[in-house]
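The task is simple: from the sequences and hints, build the whole structure.
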Amino acid sequence: MSRARSLTTIFAWPLALFLLGLAGLVIALTGDGWRDAAAWAALAAPLVAVAAAMRLRRR
Amino acid sequence: MKRAGIKAWAWVHKWSSLVSTAFLLMLCVTGLPLIFHDEIDRLSEPQPRFGMPGVGSSGTAPGLLPLDAMLARALANRPGEVPLYMAFDNDQPSMTITTGPRPDAPASQMTIQSFDRSTGELIGAVSEERVSGVGAVMHFVLELHTDMFLGLPGMLFLGVMGLCFVAALVSGVVLYAPFMRKLDFGTLRTSRSARTKWLDYHNLLGITALAWMLVVGVTGVINAFAVPIEAAWKANELAAMTREYAGRAPLDPTRYGSLDTAMAAARTALPGNNPQFIAFPGGTFSSNHHYAVFFQGATPLTERLLTPALVDAETGTFTAARPMPWYYQALSLSRPLHFGDYGGLPLKLLWAALTLFTIHVLGTGLYLWLAKRRAPAPVQAPAPQVPARVAEPAE
Chain A
493 MSRARSLTTI
503 FAWPLALFLL
513 GLAGLVIALT
523 GDGWRDAAAW
533 AALAAPLVAV
543 AAAMRLRRR
Chain B
280 MKRAGIKAWA
290 WVHKWSSLVS
300 TAFLLMLCVT
310 GLPLIFHDEI
320 DRLSEPQPRF
330 GMPGVGSSGT
340 APGLLPLDAM
350 LARALANRPG
360 EVPLYMAFDN
370 DQPSMTITTG
380 PRPDAPASQM
390 TIQSFDRSTG
400 ELIGAVSEER
410 VSGVGAVMHF
420 VLELHTDMFL
430 GLPGMLFLGV
440 MGLCFVAALV
450 SGVVLYAPFM
460 RKLDFGTLRT
470 SRSARTKWLD
480 YHNLLGITAL
490 AWMLVVGVTG
500 VINAFAVPIE
510 AAWKANELAA
520 MTREYAGRAP
530 LDPTRYGSLD
540 TAMAAARTAL
550 PGNNPQFIAF
560 PGGTFSSNHH
570 YAVFFQGATP
580 LTERLLTPAL
590 VDAETGTFTA
600 ARPMPWYYQA
610 LSLSRPLHFG
620 DYGGLPLKLL
630 WAALTLFTIH
640 VLGTGLYLWL
650 AKRRAPAPVQ
660 APAPQVPARV
670 AEPAE
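Chains as they are written, first to last, in the working numbering: chain A, 493 to 551; chain B, 280 to 674.
Hint data in this document are derived by calculation from the structure and do not stem from the laboratory.
Virtual Cβ for every residue (Gly too), placed ideally from N, Cα, C.
Hints should not be assumed to be uniformly reliable.
Pairwise CB distance ranges (calculated) [as the list claims (entries may be wrong)]:
no., chain 1, residue 1, chain 2, residue 2, range
1, B, Thr563, A, Thr501, 47 to 57 Å
2, A, Met546, B, Ser472, 10 to 20 Å
3, A, Met546, B, His418, 36 to 46 Å
4, B, Pro341, A, Ala508, 49 to 59 Å
5, A, Thr501, B, Leu549, 25 to 35 Å
6, A, Ala504, B, Leu645, 24 to 34 Å
7, A, Thr501, B, Ser323, 36 to 46 Å
8, B, Gly399, A, Met546, 56 to 66 Å
9, B, Phe419, A, Asp524, 45 to 55 Å
The structure is reproduced here in structure tokens:
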């Protein structure tokens, strides 16, 4: 039986992904080149997170 | 959170979703091909060979033909019509000239001709009644996505559905906390009941793609309110800029003066910037007496933030220039952020993947609602503190 988690624990990863997503969406607006690549990496994070959860957190 | 609080948020989540899910699914399904609009157009239409490839028609490079000459060609192809818009490209010498039967003609009566400004040649023409093949399918999809063929009421209705989507996202985030109190981030209880499995997927996909869904949702709402936003600009800012012209009869198209003279006056007023488009007198984007030359900012960030320079269409003298107000700039920035067309093909592919995420979240949400209705009473609304355990005990 696991202990109840605090709000900080529950929202740590979601907040990190949220801020990363917002940063990715905005950075590609500010120019091309490396900014586009950074946006691709940031917006791929949800896909990576779900793939990781499917590999590691299935039970 | 208190039990009453959770129940209230659950109510918001349920009803904001139920009201909008069918429309949001339609928006996702039609949005998918629209992400690749440019690529589909390029595949289905022959690519023009430009006289001066890589030279933007928005610039002042030598060899680009005068605007008056380009307009004369467009009007020669459409006898009896008047010019409505002239739009430029920063990367190629292509430009479009939109004409219609009257200065205030609706979009359905407009004809858009594409020209090569370096050779003067016509590249192609599009009018609503003449599109066919892939172009017609994409046009159908775009109209369904924008207003469901219902014009302004349809747009506003879809805007309200977008607001429901935003409410569902916010309430979903609030409800995420009680559901995850006993679970690690990313836990997928796939060996339990189907309902538990899909609940975990619903929560995981929704929370990981939240930033994208929220931004595409909010910018979709802003785009849906484009018509009132444009009308507000025209009624307030534009009216203030052209106050001395108020009350005059609309300028007759036969008295329109030189575009090149007007453009030179506008460039003198706003040096260093290039025009995105010119709006002719009498339409949505200008007064009854002015060429409105909409300049884009000089940097990638400010490229989408427009500043109109108004030039008297009869005399070619500069009247006023003022940046668009904040609510119009919000609309300008909402377009790329909704369409995903500002970071190359990889960004579009991610846009498509995240649209599939959204379809998945909408589908599992609908499934969870149906499954809950069939389930016995104790499985109903989440209880305080340990709702996930009530639904399906965690470890």
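Self-check item: Which numbered hints fail
Solution: 5, 7 and 9
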